[in-house]
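Novice: Chain by chain, the residues:
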Amino acid sequence: MERSVAYENDLNFKATELRLGLPGTTDEEPAVSSVRNSKRPLQEDIEDEKCVANGNSESQNEPTAPPSKAQIVGWPPVQSYRKNNSQAKKIEFEFVSGIYVKVSMDGAPYLRKIDLKVYKGYTELLQALENMFKFTIGEYYERQGYKGSDYAPTYQDKDGDWMLVGDVPWKMFTTSCKRLRIMKGSEARGLGCCGA
Amino acid sequence: MNYFPDEVLEHVFDFITSHKDRNSVSLVCKSWYKIEKYSRQRVFIGNCYSISPERLIARFPGLKSLTLKGKPHFADFNLVPDDWGGFLYPWIKAMARSRIGLEELRLKRMVVSDESLELLSKSFPNFKSLVLVSCEGFTTDGLAAVAANCRLLRELDLQENEVEDHRGHWLSCFPENCTSLVLLNFACLKGEINLASLERLVARSPNLKSLRLNRAVPFDTLQRLLMRAPQLVDLGTGSYVHDPYSEAYNKLKAAIQSCNSIRSLSGFLEVAPRCMSAVYPVCENLTFLNLSYAAGLQSIELTKLIQYCRKLQRLWILDCIGDKGLGVVASTCKELQELRVFPSDPFDAGNAAVTEEGLVLVSAGCPKLNSLLYFCQQMTNAALITVAKNCTNFIRFRLCILDPIKPDPVTNQPLDEGFGAIVRSCKGLKRLSLSGLLTDQVFYYIGMHAKQLEMLSIAFAGDSDKGMLYVLNGCKKLRKLEIRDCPFGDAALLEDMGKYETMRSLWMSSCEVTLGACKTLAKKMPSLNVEIINESEQTEFNLEDRQKVDKMYLYRTVVGHRKDAPEFVWLL
Numbered sequence: 001m002e003r004s005v006a007y008e009n010d011l012n013f014k015a016t017e018l019r020l021g022l023p024g025t026t027d028e029e030p031a032v033s034s035v036r037n038s039k040r041p042l043q044e045d046i047e048d049e050k051c052v053a054n055g056n057s058e059s060q061n062e063p064t065a066p067p068s069k070a071q072i073v074g075w076p077p078v079q080s081y082r083k084n085n086s087q088a089k090k091i092e093f094e095f096v097s098g099i100y101v102k103v104s105m106d107g108a109p110y111l112r113k114i115d116l117k118v119y120k121g122y123t124e125l126l127q128a129l130e131n132m133f134k135f136t137i138g139e140y141y142e143r144q145g146y147k148g149s150d151y152a153p154t155y156q157d158k159d160g161d162w163m164l165v166g167d168v169p170w171k172m173f174t175t176s177c178k179r180l181r182i183m184k185g186s187e188a189r190g191l192g193c194c195g196a
Numbered sequence: 001m002n003y004f005p006d007e008v009l010e011h012v013f014d015f016i017t018s019h020k021d022r023n024s025v026s027l028v029c030k031s032w033y034k035i036e037k038y039s040r041q042r043v044f045i046g047n048c049y050s051i052s053p054e055r056l057i058a059r060f061p062g063l064k065s066l067t068l069k070g071k072p073h074f075a076d077f078n079l080v081p082d083d084w085g086g087f088l089y090p091w092i093k094a095m096a097r098s099r100i101g102l103e104e105l106r107l108k109r110m111v112v113s114d115e116s117l118e119l120l121s122k123s124f125p126n127f128k129s130l131v132l133v134s135c136e137g138f139t140t141d142g143l144a145a146v147a148a149n150c151r152l153l154r155e156l157d158l159q160e161n162e163v164e165d166h167r168g169h170w171l172s173c174f175p176e177n178c179t180s181l182v183l184l185n186f187a188c189l190k191g192e193i194n195l196a197s198l199e200r201l202v203a204r205s206p207n208l209k210s211l212r213l214n215r216a217v218p219f220d221t222l223q224r225l226l227m228r229a230p231q232l233v234d235l236g237t238g239s240y241v242h243d244p245y246s247e248a249y250n251k252l253k254a255a256i257q258s259c260n261s262i263r264s265l266s267g268f269l270e271v272a273p274r275c276m277s278a279v280y281p282v283c284e285n286l287t288f289l290n291l292s293y294a295a296g297l298q299s300i301e302l303t304k305l306i307q308y309c310r311k312l313q314r315l316w317i318l319d320c321i322g323d324k325g326l327g328v329v330a331s332t333c334k335e336l337q338e339l340r341v342f343p344s345d346p347f348d349a350g351n352a353a354v355t356e357e358g359l360v361l362v363s364a365g366c367p368k369l370n371s372l373l374y375f376c377q378q379m380t381n382a383a384l385i386t387v388a389k390n391c392t393n394f395i396r397f398r399l400c401i402l403d404p405i406k407p408d409p410v411t412n413q414p415l416d417e418g419f420g421a422i423v424r425s426c427k428g429l430k431r432l433s434l435s436g437l438l439t440d441q442v443f444y445y446i447g448m449h450a451k452q453l454e455m456l457s458i459a460f461a462g463d464s465d466k467g468m469l470y471v472l473n474g475c476k477k478l479r480k481l482e483i484r485d486c487p488f489g490d491a492a493l494l495e496d497m498g499k500y501e502t503m504r505s506l507w508m509s510s511c512e513v514t515l516g517a518c519k520t521l522a523k524k525m526p527s528l529n530v531e532i533i534n535e536s537e538q539t540e541f542n543l544e545d546r547q548k549v550d551k552m553y554l555y556r557t558v559v560g561h562r563k564d565a566p567e568f569v570w571l572l
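Here the protein sequences line up with chains A and B, keeping their order.
Okay, so the first sequence: first residue is 1 according to full-length UniProt numbering, each after it adds one.
Okay, so the second sequence: first residue is 1 according to full-length UniProt numbering, each after it adds one.
For the record, the hints were derived by calculation from the structure and aren't laboratory data.
It should be emphasised that the depicted structure is a prediction, and the values quoted were computed from it without experimental measurement.
Treat the hints with care, as some may be off.
As the list claims (entries may be wrong) - Covered stretches of chain B (in silico footprint by chain A; criterion: 3 or more residues with CB under 8 angstroms from a CB of chain A, positions within the stretch not fixed): (1) 69-81; (2) 196-207; (3) 233-243; (4) 392-404.
Glycine residues also receive a C-beta, built at the ideal position from the N, C-alpha and C atoms.
Same shape as in the complex, but just chain A (with noise of 0.2 angstroms):
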């Protein structure tokens, strides 16, 4: 860049310098497909590659690197479907990373975990634990809580308090349900709006 404002006060050499290449391009070296030019690297751009490869990710900042590795076309040779589409995965491996929750039955010998991830709502949630202590839960009633049975899931949120399952939609639950617990008896009887 310094070089064309150099020519522009002297007498246009650059005009009439003689090179390869056609009017009106400039020397500029494309970046984008090849790492460097086909010459042999010099020692320092093997040091530099050396820095970049071994060291931290934050090393790879200095503008005199060569190009960072994902600037390279066709680098590496990943067949492109298998780019385009384990990208998507890596996204959905976050999904199933899960949110695992103890949960806790009044009268049960030791606690389970559960992972919320694997639930896509709350029926699904509600009968993995039916199987998986053995009893029944009965209906959600927005008003009245949990009818038809003894018992009642609540879980404690983020802020300590105890909440009865289903009020709030799934997805607030999953990220502020911290653990689980099926309450039994009277205690869950009061949990009823309009008791029993």
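Keeping the supplied structure of chain A fixed, place chain B upon it in accordance with the hints.
Specialist: Chain B alone, transformed into the frame defined by chain A:
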């Protein structure tokens, strides 16, 4: 020469199945040529532009099974622009018109339109098998036509294609009386599937041996499908996410246990790791395991699974298995012949989770290893020399160090000696891909020792024309050579022009070859098509002969220039 009537010769030729052998047979004498010509049923065309559909049909009128490959290999890595070519339609049109009794079609890197699929489905009443690998250009509408019209369809195998999903009910287009399916692979489809249709289809396909599902097929459907098809030999799961404590999970466990013919397992496109224990019972008989799309599995789960796979012959896996995990492979899978380790994050070209250590462990534990694709963080000469000593049977050796010019990190030397050891030791090597810091010396070794080499892929390697010349002069059986970003130029290209007539194709991109040299080559060798791919705005007339070309692809052909080249492809 003819002591036998034609029918006897024909019967004898029936036993000769390899393409090479049949080609040799046809050269013996005129009458053998004629008999072989009419009795040939299977034809393999490695480059669709080396011959025309019309000449193919004239040459082999009894054609029943055709394999066609289109775009050059580097198209896989986005080095070939869209619309370059490789269209299927002209082939279908010609075969339909000539009443060819086509039964099988196998395509790789071709552009397949819905129109061509539709024409295919209506033109060949005995059509049985369609295999599409890395193709594009079609939608689920094309698949619907195949499903609806190919009454005798046995195989529909879609491998890693980019398919536009119109969410139509293509699966429902299989007629109720279609019961002939043996293989159904739609794992690459992205859209929703009519699950009920799928279940009914599987239920009425008693010969179904291979089933690979896409991501839209959930866990409970998988369970029901397995109940209907316990005879499956090859299974690809779709979504594999469920609560391991549920009834559905127990049912799946039971269903899998009744599938005692499963020898090949893949998929797990979405996966809940805790559900993997359900597949342990089939592991002990597995010969092929492909977890290369199962990004949801960590090294721990992978190694737990692999510990059960004592009979494994082929393993495709992600690099998150790590060197230690490869150690488990080495100590468990004594029958292993093929290993492919893919990068978990193909965009972050700096952080593979395996190194030379994992490869050395596998080479030590798996003496039958003959085919390798290995993406890794680094490699040393010492490791390659050890691998060469441990495994002398390599037929395919493809190494990709993510940093393309990385030297041996211990000695800071190029990897010439390491690869040299591989080619010296593996006398049967047919395919080789190089990476890392490499000088002309490695090509000297390759030219000297790789006498059976048929395909060589080179990137960012070499110092001068000498490198390329060593290869062209020494590798007598070379068929495909693909080079990118190397300092090879006109002298190497033009030294032995006749060599290219003995090869299928040569690709050179971002090298030192000039337009003038390409023109010279094209002029002197009319049996070659020399194509330049030029994506800048310059036209053929503005470019000077001494200008370097960005991408050159040349191939031998008997039909001259192709008629379907787009604007950006110059036919010299």
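Novice: Now look at each hint and say whether the structure bears it out.
Specialist: Comparing the hints with the structure gives:
With 5 residues bearing a CB less than 8 angstroms from a CB of chain A, the segment 69-81 of chain B meets the requirement of three and the coverage assertion stands. Using a Cβ-Cβ cut-off of 8 angstroms, 0 residues of the segment 196-207 of chain B lie near chain A, which falls short of the minimum of three, so the contact claim is violated. Here the segment 233-243 of chain B counts 3 residues with a CB under 8 angstroms from a CB of chain A, which clears the bar of 3, and the coverage holds. Residues of the segment 392-404 of chain B lying with their CB closer than 8 angstroms to a CB of chain A number 4, which satisfies the three-residue condition for coverage.
This entry does not satisfy hint 2, going by the numbered hints stated previously; all others are met.
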